[in-house]
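Protein chains: 2
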Amino acid sequence: MGVADLGLPVDVPSTALFTDHYELTMLQAALAAGTAERRSVFEVFTRRLPEGRRYGVVAGTGRVLDAVENFRFDTDVLGFLRERGVVNEPTLEWLASYRFGGDVWGYPEGEVYFPGSPILRVEGSFAECVLLETVILSILNHDSAIAAAASRMSSAAGDRPLIEMGARRTHELAAVAAARAAYVGGFATTSDLAAGFRYNIPTVGTSAHAFTLLHDTERDAFQAQVSVLGQGTTLLVDTYDVAEAVRTAVEVAGPKLGAVRIDSGDLLLVAHRVRQQLDELGATETRIVVTSDLDEYAIASLRAAPVDAYGVGTQLVTGSGHPTASMVYKLVARAESADPQAPLVPVAKKSSGGKTSVGGRKWAARRLDEYGVAEAEVIGTGKVPQELTDRLLQVELIKGGQVVAREPLDVVRDRHAAARAGLPLSATQLSRGEAVIPTEYV
Amino acid sequence: MGVADLGLPVDVPSTALFTDHYELTMLQAALAAGTAERRSVFEVFTRRLPEGRRYGVVAGTGRVLDAVENFRFDTDVLGFLRERGVVNEPTLEWLASYRFGGDVWGYPEGEVYFPGSPILRVEGSFAECVLLETVILSILNHDSAIAAAASRMSSAAGDRPLIEMGARRTHELAAVAAARAAYVGGFATTSDLAAGFRYNIPTVGTSAHAFTLLHDTERDAFQAQVSVLGQGTTLLVDTYDVAEAVRTAVEVAGPKLGAVRIDSGDLLLVAHRVRQQLDELGATETRIVVTSDLDEYAIASLRAAPVDAYGVGTQLVTGSGHPTASMVYKLVARAESADPQAPLVPVAKKSSGGKTSVGGRKWAARRLDEYGVAEAEVIGTGKVPQELTDRLLQVELIKGGQVVAREPLDVVRDRHAAARAGLPLSATQLSRGEAVIPTEYV
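Protein sequences, first through last, are from chains Z and C.
Residue numbering for the first sequence follows the working numbering, beginning at 12 and increasing consecutively.
Residue numbering for the second sequence follows the working numbering, beginning at 12 and increasing consecutively.
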């Protein structure tokens, strides 16, 4: 896999170091004990949705496929592990030829999920599967958290476009993944050039307060911007006095001015005033973009305001109060012996202290009511009931180590919109509530 | 700068794409208007601390220095910007030879900060400075948020070591930065191998529930682990029944067993029971590590429990409720003209809608009381009062584009411990409160 496939601006020589130390010590102990080759099934799921949330959004699956394909222990990495004494020589030898050769099934990216949904299933030897835990969870926990917030925001925004502009509020590379997840969740564009470069997401942006402050007058700044970016540009009108700025903006750009941006103040009030002023100035087509500390609630509260687009930063990239999706990666079944034909035994943690899980390899289906609306997430370990065979959710993602399900991001985005539309209407209520459909185990 | 300096496992060919689209359109408009070369001063600060927090922690400065040094527009990046029409040809030409040639001063990494503290000051032409906004904020907002949470946790833990183990709960590369920030904030070790590789932070880890479940019995699992990792290892004792596991653990490893780990349940209660049981079994030196959903409050509540070390994941990497530090990067002064000798004019946003700031290039000093304890963060734009000249906080980080203040992470970690110790005692109270010292403007 070349650099281009992995995606600049960041070339990841290997994803194998995005791994917790204990994955390698477990490998070493299992190799010595002769249990490393036991066929194993790991599943990714979450025990609960974030408090008050009605559905989750699977995001990051495409990045997981890249990460698994690229999970290699090269000379530098092996040298580090040797020097630090993380594992012994036989383990280092085993790692040197590591390639994931197992199978991965999962919910397709963009699909919604509920407590217990087996979002990803990784099958192979214990050794080859256990190593992938950390990087798979990092990606799914981050990206799904962002996509869930994005989905709520896009449903609150209705037909009005959302601009992702949170890069400055999160780690510089998390920002790139966040822009991707936001796009999956329904955002239209991003401010992040790296996300445009890597994922071909449309990028947008015009100017900040600093640009106005750089110039001797606001008029100078607007003239400078319009003369280069054209009258279709977006002028930022809240550096000094909004009403004066709007007047100057239309004088400078003419009534065909593309948009004005408001980044502070009481947006509901200011948007109404600015709309009225623009209309009076003949700039009836000039759009209003608002961008100040928005979340899904603020977006919803502006539904009746004359706003044409929303820019969202902090609350998007921090998952609007829930920056991680609390997914776990659990061994749910393993063979009785290292014999490839040995039958699988379901396993599960049993301690009374919580964190218990359901053993066994699971299927999942979404049962619909008579109107075609989702009514339950059905999860089972045995035979799939006849009536659910065409409602199964998991698809094959990796077969014998080969990725078989790469897809364009627009397909994922459309899938999410369709999946959300298939939920009961209460799914998109912003008020706190339970998961919009129950999880049933059969 | 070679790959080794930037740090594997991620080679960043350029940090220039970690940039919002509008930085480049502002550049283009300023170049055309003849204002791009006006000497400018940008400052990074936060208007407020996260609600209830008493101090902030500067973290990420070292990463900022790397990012600025590596901020280049290579052929691939320029090709992307051209193809997408982000900026015009004259701007692309300007970008092709971009190197930051200005000066950066700032609080040294690990120092504490308060509302308004000018944490970083970037000086140069408007053009060269404005481009750095996004990547500088991404790094400082993320890393400082994590370090602040880490600092609270380490002060709650006292002398007991903290293990950072949150990689799986955040973006895979944010995790590496989080481990670094946690170390600055007082953590002792990390589970993240990439953080060990990149920043030389000690890594630790032994086994998870999956390892126990892989084996036919818990005893088999413990024997496998002890035979390879030695009796000094840490055995996870809450897969089935804790009391039985502890008995088995000491039988298998002997009374010199290194540690047991508890990852679920009522940790206060279980820790007491396990300590008593270990002591009765003669394993008086065996340590108890707890790792279940800890935050600074849970750590503090376990102060009286027989716990020897804490592992912290989710709450650490998500900033314990505050995943971003809300720092901004504001133009505070700029020259009247492009003439290098032109005097600087203080500038600031003035709109009534909030988000106002104080114009002018600032100094900052921490005033001490008669006992040597911090009593105020003093910020000014004019001459430094005589009595504060030896309490100034900002240091030179980049001079004429050259990094002049690289330092080992242990120095940063020690600086943070010393800075925190210099605050009033109430700084480390976990209860919600105001900033522990006031910010005064002179």
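It should be emphasised that the hints constitute simulated quantities derived from the structure, not laboratory data.
Predicted model, so just to flag it, every value in this text is computed and none were measured.
Wrong hints could be hidden among the right ones.
Treat identical chains as interchangeable: a pair holds within one or across any two.
[To be verified] Straight line, CA to CA, 16 Å or less: simulated EDC-like cross-link-like pairs of lysine to aspartate or glutamate:
#1 K267 - E291
#2 K267 - E296
#3 K267 - E62
#4 K361 - E418
#5 K361 - E48
#6 K410 - D114
#7 K394 - E381
#8 K394 - E62
#9 K410 - E80
#10 K361 - E255
#11 K410 - E100
#12 K361 - D227
#13 K361 - D85
#14 K361 - D252
#15 K267 - D290
#16 K394 - E451
#17 K410 - D77
For each hint, the structure was consulted:
1. Taking CA atoms no more than 16 Å apart as the test, K267 paired with E291 passes inside one copy only; the shortest distance there is 13 Å, against 84 Å between copies.
2. Only within a single protomer do K267 and E296 lie at most 16 Å apart by alpha-carbon distance; the minimum there is 7 Å, versus 78 Å between protomers.
3. Proximity of K267 to E62 under the C-alpha cut-off of 16 Å is found in neither arrangement, the shortest distances being 46 Å within a copy and 43 Å between copies.
4. Taking CA atoms no more than 16 Å apart as the test, K361 paired with E418 passes in neither setting, with 39 Å inside one copy and 48 Å between copies.
5. For the identical chains of this complex, K361 and E48 are neighbours neither inside a copy (24 Å) nor across copies (67 Å), given an alpha-carbon limit of 16 Å.
6. Taking identical chains as interchangeable, the C-alpha atoms of K410 and D114 lie at most 16 Å apart only when both belong to the same chain, with a minimum of 5 Å there against 53 Å between chains.
7. Proximity of K394 and E381 under a CA criterion of 16 Å is satisfied in neither setting, with 23 Å inside one chain copy and 77 Å between copies.
8. Neither within a single protomer nor between protomers do K394 and E62 lie at most 16 Å apart by alpha-carbon distance, with minima of 33 Å and 52 Å respectively.
9. For a Cα distance limit of 16 Å, the shortest separation of K410 from E80 inside one copy, 12 Å, qualifies, whereas the shortest one across copies, 43 Å, does not.
10. Taking identical chains as interchangeable, the C-alpha atoms of K361 and E255 lie at most 16 Å apart only when they sit on different chains, with a minimum of 13 Å there against 68 Å within one chain.
11. For the identical chains of this complex, K410 and E100 are neighbours neither inside a copy (30 Å) nor across copies (47 Å), given an alpha-carbon limit of 16 Å.
12. In the homo-oligomer, the alpha carbons of K361 and D227 lie at most 16 Å apart only across protomers (15 Å), although the nearest pairing inside one protomer, at 70 Å, exceeds that limit.
13. Taking CA atoms no more than 16 Å apart as the test, K361 paired with D85 passes in neither setting, with 38 Å inside one copy and 55 Å between copies.
14. Taking the shortest Cα distances, K361 and D252 sit within 16 Å of each other only across copies (8 Å), while inside one copy they are farther apart (64 Å).
15. Taking the shortest Cα distances, K267 and D290 sit within 16 Å of each other inside one copy (11 Å), while across copies they are farther apart (81 Å).
16. In this homomeric assembly, K394 and E451 come within 16 Å of each other (Cα to Cα) only inside a single copy, at 15 Å, whereas the closest approach across copies is 70 Å.
17. When the C-alpha separation of K410 and D77 is checked against a cutoff of 16 Å, the pair qualifies only within one copy, where the shortest distance is 14 Å, while the shortest distance between copies is 40 Å.
Hint violations for this structure: numbers 3, 4, 5, 7, 8, 11 and 13, all remaining hints satisfied.
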